[in-house]
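Chemist: Full structure from sequences and hints, please.
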Amino acid sequence: MNPSRRTFLKGAAGTAMVATAAGLLPSGVLAAEWNKPAFEAKNLNDALKGIGASGAAPSKDIVLKAPDIAENGAVVQVEVISNIPGTQSIAILVEGNNNPLAASFNFANGAEGYVSTRIKMGKTSNVKVVVKAGDKFYTASKEVKVTIGGCGG
Amino acid sequence: MAEPIKIRAQLDGDTANIKILMTHVMETGQRKDAKTGQIVPAHFIQSVTVTLNGKNVLDTQFSQAVSKNPFLGIRVKGAKAGDKVVVNWVDNKGDKGSGEATVEARQ
Numbered sequence: 001m002n003p004s005r006r007t008f009l010k011g012a013a014g015t016a017m018v019a020t021a022a023g024l025l026p027s028g029v030l031a032a033e034w035n036k037p038a039f040e041a042k043n044l045n046d047a048l049k050g051i052g053a054s055g056a057a058p059s060k061d062i063v064l065k066a067p068d069i070a071e072n073g074a075v076v077q078v079e080v081i082s083n084i085p086g087t088q089s090i091a092i093l094v095e096g097n098n099n100p101l102a103a104s105f106n107f108a109n110g111a112e113g114y115v116s117t118r119i120k121m122g123k124t125s126n127v128k129v130v131v132k133a134g135d136k137f138y139t140a141s142k143e144v145k146v147t148i149g150g151c152g153g
Numbered sequence: 001m002a003e004p005i006k007i008r009a010q011l012d013g014d015t016a017n018i019k020i021l022m023t024h025v026m027e028t029g030q031r032k033d034a035k036t037g038q039i040v041p042a043h044f045i046q047s048v049t050v051t052l053n054g055k056n057v058l059d060t061q062f063s064q065a066v067s068k069n070p071f072l073g074i075r076v077k078g079a080k081a082g083d084k085v086v087v088n089w090v091d092n093k094g095d096k097g098s099g100e101a102t103v104e105a106r107q
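Quick note, the sequences are listed as chains A and B, same order.
Residues in the first sequence are numbered consecutively from 1, following the working numbering.
Residues in the second sequence are numbered consecutively from 1, following the working numbering.
None of these hints come from the bench; they were simulated from the model.
Treat the hints loosely; a few may be bogus.
Below, a list of computed lysine-lysine pairs in the DSBU-like style, where the Cα atoms sit at most 30 Å apart [said to hold, decoys possible]:
id: 1; chain 1: A; residue 1: Lys142; chain 2: B; residue 2: Lys19
id: 2; chain 1: A; residue 1: Lys42; chain 2: B; residue 2: Lys35
id: 3; chain 1: A; residue 1: Lys142; chain 2: A; residue 2: Lys60
With the Cβ distance kept under 8 Å, some of the chain A side facing chain B (calculated, not the full set) [to be verified]:
id: 4; residue: Asn35
id: 5; residue: Lys42
id: 6; residue: Val94
id: 7; residue: Asn97
id: 8; residue: Asn99
id: 9; residue: Ser104
id: 10; residue: Phe105
id: 11; residue: Ala108
id: 12; residue: Ala111
id: 13; residue: Tyr114
Beta carbons: idealized from backbone N, C-alpha and C, even for Gly.
Modeler: Spelled out as structure tokens, the structure:
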């Protein structure tokens, strides 16, 4: 019924044998495949687990620019600058959304640890970003107050 | 057919500032149609890839929480004027969109 999930599980099982700690699986391995378990996770912890970043440590080297107050939750401008050397990927999560993981970005061939995008927020909550550099995960977060929600009607 | 992607790539030193604007409804699957009361099915871009001169520079995965008509800004080092930027997206229904632009020297 769902071939992509099949492939994902098969791939994950194969890789897990090599990388004993499943939590440290590089998300880059599955870059081409939409990370369904992580994107469909209903809470922040499961979403973090889905991208393998459960143990992310707070870092001051991540600059997260987001508004203090978003008048319209349907369009919240978020900019992330990672000053951590060797940044490979950035993920943006919204704690208060039904599915917290909003987007993930994998960089290669000279792309800097920088991304700017617009996301939807259902209600006031923390926006959390996770940066992967080497085999480690780092995080930063910022609260954004939402006056009009951007999910649902 | 999907509408064209708007791409602007401008040099700042040897770094290309690439701005991408895609046209897509980015329907969450949580919204009800005001007239029928039925839930509007989810329809959103799931993956975006960006290449510079054929080399992959960005692999992105989106959820339905990315805003309608997604905007994406990235920076790529080691670029020069005339380099070719290609953007491709695929949504959850298998629809595709693509666009290309060349890196411009700063005016």
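Chemist: For each hint given before, does the structure comply? Return the numbers of the non-compliant ones in rising order.
Modeler: 5
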